[in-house]
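I would like the entire structure built from these sequences, with the hints used as guidance.
So the sequences go chain by chain: A, B and C.
With the first letter of the first sequence counted as 1, position 22 gets the number 614 in our numbering; the numbers rise by one all the way through.
With the first letter of the second sequence counted as 1, position 181 gets the number 1633 in our numbering; the numbers rise by one all the way through.
With the first letter of the third sequence counted as 1, position 201 gets the number 189 in our numbering; the numbers rise by one all the way through.
Any given hint could turn out to be false.
Lysine-lysine pairs mimicking BS3-like chemistry, simulated, CA-CA at most 30 angstroms apart [unchecked claim]:
| id | chain 1 | residue 1 | chain 2 | residue 2 |
| --- | --- | --- | --- | --- |
| 1 | C | Lys243 | B | Lys1584 |
| 2 | B | Lys1589 | C | Lys32 |
| 3 | C | Lys243 | C | Lys32 |
Because the hints were derived from the structure by calculation, they are not lab data.
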Amino acid sequence: MNDKNNSTKPRQGFLPITTNLFDRVFISVVILVAIHLLWMRFLEALLPLWIATILSLVLAVIILKWG
Amino acid sequence: MRRVPRNIGLTVLWIGVTILTLFPIYWLFVISARSRVELFEPQRLIQTTFFAENYIRPLSDRTFRGYIINSVIIATGNALLVTILAVAATYALSRYRLKGSSNIFFWTITNRMAPPAAFLLPLFLLYARVLKIGDWKMFDTHIGLILLYCVFNLPFAIWLLKSIMDGIPIELDEAARVDGATTRMVLFRIIIPLAAPGIAITAILSWVFAWNEYLFAATLTSVTARTITTGLAEFVTVTGTNWGEMAAVSVIALLPALLFLALVQKYIVIGLTFGAVK
Amino acid sequence: MQSPRTGWGLLAPTLIILAITGLLPFLYVVYVGFFDWNPFAATKDMVFAGVNNYRRLVFDNDFLQSLGRTLVFAVCAVASELVLGFLLAQTLTKEFPGKTFFRTVFALPLMVAPIAVGATWRLLTMPGLGPLPYYLDKLFGLNYNIGIFSDQATLTLVLMDIWHWTPFVTLVFLAGLISLPKEPFEQAQVDGANRWQIFRYLTVPMLMPIILTTVFIRMMDALRIVDEAWMLTNGGPGTSTLFIGIHIWRIVFPKTDYGYGSAMSLLVLYLTIVLCWLLFVAITSARQHEVEGMRG
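Laid out in structure tokens, this is it:
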């Protein structure tokens, strides 16, 4: 309960701005989409797309936890 | 007391600015008054004759009259709907302690920022294929456009009225309630009379924005609910050459703007910025 | 305080209508974007296609160029409007004869329907019909024809946008300038600061939130230009003024390629939201700096 409250409160993580939970989810989604789009444009010929998915999900978790 | 007014240079500058502002619209009037013979005389900036045919032809055309009537119906319907909804919504947001009301407020505002180009296709598909009852579709109906224009008119109306509602002292409500007034009585006897000027501005600006809208009207109508702006666009794509009539139709389309300008000039900025800048 | 039930009741119709016209199309476009769907193709039904539409989209040069074109147009137009609007707003902070009249007339373009703005400028710039090509040729020997020269077409659209929206920027800046406190400026003049220093170190920082808000609103509007360009140049000559809104319209509707069109719409929405959010973050941090500056 207490923990949940903390995550929704605005805080300063490694991101340059103060964020609350909604901001961090939003940033994660934006980055996820961007990685996939750029991957399809430049890297998919070499590496399959699911690597991008894993990569961006890992990044999303990092942002949600420490951002 | 000085004889020469101060900053007369600025007056000169602003005469220039005003000429630049008005010239395109002046030229529109000039073209709308020219017959086909006079049309191709760009060197002549002064127009002395008036070729009324340009106005009479479209106005006596049944289809085009229908467009104007549609525009009036849609703009009026939308202005009424938006005003009623916004009064109720802002009263609720201002007077009730609702859970998450600031988030709701923010969400309603963001609707205005959506790029129409991105919503054209889904709305077209929804209107033409999904939202239908039996044979009746939302596509090409007045009610469809009236509802749709709420997307950009409601956010601004809510913003405008919210600050006005917040400005009405809550003590007035409470005093009335002590005397046994119901919510409806408070709303109709106290809030609406006090907010009347703001409500009028909201209605007028909504009306003008709805009247001016083109993209959705062009995409989501085909015959029965076409508006004057789509009619204007048809002059370029279909007939193409009849510039005099096109100018006349443009003049008709911008008449409301001219009529209401002085009335709402001070509030346009609030209407367009959502009071982000007061 | 009255019961929240009544409050929700009063709010409900607004929320329902915005959900139908705002939220529903958004969810629907996300859904359709993952399908192949062309009702006039060999297979009429929706076929799940995963991210294939997006895969096609990131290699679609017409689409990408049209995005870039729209961005260039918006940046040029908005930047000019900011400079002009600021200068004009400065003059309006002073008293001079006829000010109220000028200010009212100046706001006229704001109320005119965008489609009528396009029509007006078309009549102004049509060779043989409008005075602009005629007098440019007579006075400067300049061959002006926006139906042929793409640079001129783009420039004319920028000029039209400046004509249409500078009044807005001016009025917003004016409101901002009037609301600034007087003391710092008087103090700076006592200290012997010149006009440029006052502008650079006082006016701009203090006006920053308003400047950014204006950039925000104007960029959003300029990026979605359709009506005016549709009327004035219809995307031409060639594809030089084919902005993203017109591109979606022209490519998607005649071809009824709904799945691909949805992906395109969604990507435009995505880019708009990202840009919107970046500007929003800039505004918030500018506001915070202002608050901290006042405390410090």
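Okay, the hints, checked on the actual structure:
1. C:Lys243 - B:Lys1584: holds, 24 angstroms
2. B:Lys1589 - C:Lys32: holds, 21 angstroms
3. C:Lys243 - C:Lys32: Satisfied, since the Cα-Cα distance of roughly 13 angstroms is no more than 30 angstroms.
Violated hints: none; the structure is consistent with every hint.
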